[in-house]
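Required output: the full structure, derived from the provided sequences and hints.
Chains as they are written, first to last, in numbering that gives the first Met the number 0: chain A, 0 to 299; chain B, 0 to 308.
Bear in mind the hints are in silico, worked out from the structure with no lab data behind them. Careful: at least some of the hints might be erroneous.
Here are the simulated lysine-lysine pairs, PhoX-like style, with alpha carbons at most 25 Å apart [said to hold, decoys possible]:
id	chain 1	residue 1	chain 2	residue 2
1	B	K259	A	K286
2	A	K286	A	K242
3	B	K57	A	K242
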Amino acid sequence: MTIPFPTLNSPPIDQVGVVQRAKRFCTRSIKNESKMQGLKMVLNMIDLTTLEGMDTPGKVRQLCTKAKQVHAAVAGLPTVAAVCVYPNLVAIAKQELLGTSIKVASVATAFPSGNSSLDIKLAEVAYAIDSGADEIDMVISRGRFHTGDYRYVFDEIAAVKEACGKARLKVILETGELGTFDKVRLASDLAMEAGADFIKTSTGKIKPAATLPVTLVMIEAIRDYHRRTGRQVGMKPAGGISKSKLALHYLVMVKETLGNDWLNNQWFRFGASSLVNDVLMQIVKQKTGCYQAPQYFSAD
Amino acid sequence: MAKNKKSAPTLMVPSRIPVLKTYKMFVGGEFPRTESGRFYTPRVKGRSLGNFCLGSRKDVRQAVAAARSAQAHWANRTSYNRAQILYRIAELLEARRLQFIQDLNHQGSSERQAQAEVDMSIERLVYYAGWCDKYQQVFGSVNPVASEHFNVSILEPMGVVFHIAPDNQPLLGVISIMAPIIASGNTTICLASESKPISAVNLAEVLATADVPPGVVNILTGSLDELAVPAADHFDINAIAWNRSNGRRNKTTLQMIEEKATSNLKRVRRYERPWTRLESQNPYLIADFCEVKTTWHPIETISESGSGY
Numbered sequence: 000m001t002i003p004f005p006t007l008n009s010p011p012i013d014q015v016g017v018v019q020r021a022k023r024f025c026t027r028s029i030k031n032e033s034k035m036q037g038l039k040m041v042l043n044m045i046d047l048t049t050l051e052g053m054d055t056p057g058k059v060r061q062l063c064t065k066a067k068q069v070h071a072a073v074a075g076l077p078t079v080a081a082v083c084v085y086p087n088l089v090a091i092a093k094q095e096l097l098g099t100s101i102k103v104a105s106v107a108t109a110f111p112s113g114n115s116s117l118d119i120k121l122a123e124v125a126y127a128i129d130s131g132a133d134e135i136d137m138v139i140s141r142g143r144f145h146t147g148d149y150r151y152v153f154d155e156i157a158a159v160k161e162a163c164g165k166a167r168l169k170v171i172l173e174t175g176e177l178g179t180f181d182k183v184r185l186a187s188d189l190a191m192e193a194g195a196d197f198i199k200t201s202t203g204k205i206k207p208a209a210t211l212p213v214t215l216v217m218i219e220a221i222r223d224y225h226r227r228t229g230r231q232v233g234m235k236p237a238g239g240i241s242k243s244k245l246a247l248h249y250l251v252m253v254k255e256t257l258g259n260d261w262l263n264n265q266w267f268r269f270g271a272s273s274l275v276n277d278v279l280m281q282i283v284k285q286k287t288g289c290y291q292a293p294q295y296f297s298a299d
Numbered sequence: 000m001a002k003n004k005k006s007a008p009t010l011m012v013p014s015r016i017p018v019l020k021t022y023k024m025f026v027g028g029e030f031p032r033t034e035s036g037r038f039y040t041p042r043v044k045g046r047s048l049g050n051f052c053l054g055s056r057k058d059v060r061q062a063v064a065a066a067r068s069a070q071a072h073w074a075n076r077t078s079y080n081r082a083q084i085l086y087r088i089a090e091l092l093e094a095r096r097l098q099f100i101q102d103l104n105h106q107g108s109s110e111r112q113a114q115a116e117v118d119m120s121i122e123r124l125v126y127y128a129g130w131c132d133k134y135q136q137v138f139g140s141v142n143p144v145a146s147e148h149f150n151v152s153i154l155e156p157m158g159v160v161f162h163i164a165p166d167n168q169p170l171l172g173v174i175s176i177m178a179p180i181i182a183s184g185n186t187t188i189c190l191a192s193e194s195k196p197i198s199a200v201n202l203a204e205v206l207a208t209a210d211v212p213p214g215v216v217n218i219l220t221g222s223l224d225e226l227a228v229p230a231a232d233h234f235d236i237n238a239i240a241w242n243r244s245n246g247r248r249n250k251t252t253l254q255m256i257e258e259k260a261t262s263n264l265k266r267v268r269r270y271e272r273p274w275t276r277l278e279s280q281n282p283y284l285i286a287d288f289c290e291v292k293t294t295w296h297p298i299e300t301i302s303e304s305g306s307g308y
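What follows is the structure in C-alpha cells.
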C-alpha cells in the first residue's frame with residue numbers, strides 16, 4: 000500500500016514568537032499537591048532509555064528492574080512508561096518486563112544516523128518487532144531531507160509504518176540537525192502525514208536535543224493536524240531533560256497547547272534516564288521536607 | 000609666572016549622592032540575589048550596614064548544588080594547585096586590605112582590631128596554602144598488618160561542608176574555617192554572620208577573582224535560625240562546621256543541627272575559639288573535614304621474616 004504524497008501546507012514559524020511563548024510556560028507556579036501529581040505523571044511518562052555502544056544484557060536487566068520498581072522506599076509510585084533499547088537487546092527487555100504494563104521500545108532504521116538502505120532499515124524494524132518490541136523509534140533521513148527530497152523521507156516513514164504492524168511508530172526528526180523551526184514544522188507535518196503515531200525531537204546523540212521552543216513547534220503541528228484530520232498523534236521530547244522542574248514546564252506547555260487528552264503516557268513521553276532520579280528526589284523532598292542527594296537512589 | 004600657575008583649572012566635583020553598593024550572595028561563581036526577593040538591614044550601634052539578601056531554603060539548595068558539582072573537580076586538582084589558589088586569595092586580600100579594614104570598622108571593630116584581623120586573615124591563608132601539599136604526609140600512614148598486604152591510610156575530603164560563620168570575627172572567622180575546609184578538596188557553603196555580613200560578602204569578590212573555581216566557595220546571607228534547618232536536613236551536605244559561641248541564644252539552634260544531622264550522618268564540628276591566637280591555626284582543622292581511607296594492597300612476601308610491612 001502506498002500513500003500518495005500529500006500537499007503540505009506547513010506555515011512559516013515565527014522564531015522569536017515561539018521562543019517568547021515557550022518562556023511563558025516556565026512562569027507557572029506549581030506547588031504542593033499539584034506538584035506531586037505532576038511529578039508522578041512525569042515519572043509515568045518516562046521512556047527509560049539506554050542507547051550506548053557499551054550496553055550489555057546486564058545493563059538492560061538492571062534498567063528493567065528499575066523500570067518496574069523505581070524506588071522501593073516510597074509506596075504508591077507509578078512505573079515508567081517504557082524501556083527503550085537497541086534492537087539486539089529487545090528480547091532481554093521483553094523477557095524482563097513480561098507480565099507488566101511497561102512497553103518495550105526499540106530504536107531502529109540505522110539509529111542514530113539513519114544512513115543506510117531502506118531494505119536494511121526495514122529488516123532492522125522486522126528484527127525488533129520479532130524480538131518483541133511494542134514500539135519502534137525510527138530516525139528520518141536528514142541528509143535526504145536537506146537535499147529537498149521530501150518524497151523519499153515520506154515514503155520511507157510510510158514503509159517503516161507498514162513494517163511496524165501493530166507496534167506504535169515514533170518518528171525522530173533530530174531537530175538539532177534540521178536547522179530552523181520552519182524545517183522542524185515541515186518534518187513534523189511530513190511524519191504525521193506518513194502515519195507516525197508519535198513524533199520525537201531527538202536521538203539524544205546531538206546537541207541541542209529537546210528544547211521547549213522546538214517542542215512547542217512540534218506540538219502546534221500536532222494540534223493543527225488533529226484539528227484538520229481528527230487523528231491524535233503523540234509527542235516525545237528526548238534528550239537534555241534531566242530536571243523535574245523542566246519536565247513540569249513541558250507538562251504545562253502540553254496542557255495549554257494540546258489539552259488534557261495528551262496528558263498521559265499514551266500520548267506524551269519523555270525520553271530520558273537521569274530524569275527519573277531527579278523526579279524521585281523531588282517526590283521524597285515533597286514527602287519528607289528534606290533535600291535529597293543522588294547517592295541514596297539506585298543508579299540507572 | 001609662578002602666580003599664573005595658581006589659576007590652573009581645578010576639577011569641579013559637584014556635591015553628590017554616594018553610590019551605595021547592592022550586597023548580593025555568591026553562588027556557583029555568580030552573584031545572585033536571593034531567590035525569595037527578601038532583604039534585611041543589619042544595624043551596628045543604630046547605624047544601618049546596608050541591605051542584605053535574606054536567603055531562603057531554596058538558596059541553600061542552589062548553593063549545595065553548585066558546591067556539589069564543583070567538588071570532584073576541585074578535589075582532583077593537584078594539592079600544589081590548590082595551594083597556589085589559596086595563596087592567590089591572600090594576594091588579592093592584601094591588595095584590598097584597606098577596604099576590608101574599613102568594612103570591619105563599619106561593623107564596629109576599632110581601627111587596631113580591624114587591622115589586626117585583616118592582617119591575620121592574610122597570614123592564615125598563606126599558612127593553609129602551605130599545608131595543602133603537606134597534611135597528607137602528616138596524617139597519612141603506612142600501617143603494620145599481619146598479612147601480606149601493603150596497608151596505607153590517606154585522608155580524603157568529605158565533600159560539601161556547610162559553614163556557619165561567627166559574629167565576633169566576621170572576616171577572620173570565615174577564613175580560618177574556609178581555608179582548611181577547601182585545602183583538602185572540599186567545597187563549602189558559608190553562611191555569613193547575620194549581624195555583620197559585609198566582610199563575608201566582600202570576600203566573595205576576592206574569591207571570584209582569585210582563580211577559585213566557581214562553586215568551591217559559596218556565600219549566603221540571611222537568618223541563621225531559618226537557614227540552619229534546610230542545611231541540617233539536606234542529604235547532600237556531608238559536614239557542618241559550627242563556628243560560633245555555643246551560648247544560650249544559639250544553644251537550641253546547635254542542638255537542632257546536631258539532631259537533624261543524624262539523618263544522613265553528617266559530621267558536625269564545633270569551634271569556639273579566639274581565631275586571633277596563633278594556636279587557633281593548625282592542620283588538625285584540615286583533618287576535621289576529611290575521612291580516612293585505608294587500602295589493603297596485596298603483595299608478595301618481600302622479606303625473609305614475612306611481610307615487610
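Here is how each hint holds up against the structure:
For the hint pairing B:K259 with A:K286, the CA-to-CA distance comes to about 16 Å; that is within 25 Å, so the pair holds. Between A:K286 and A:K242, the direct Cα distance comes to roughly 18 Å. Compliance with the 25 Å bound is thereby established for this hinted pair. About 15 Å separates the Cα atoms of B:K57 and A:K242, which keeps this hinted pair within 25 Å; it holds.
Against the hints set out earlier in the document, no violation occurs for any number.
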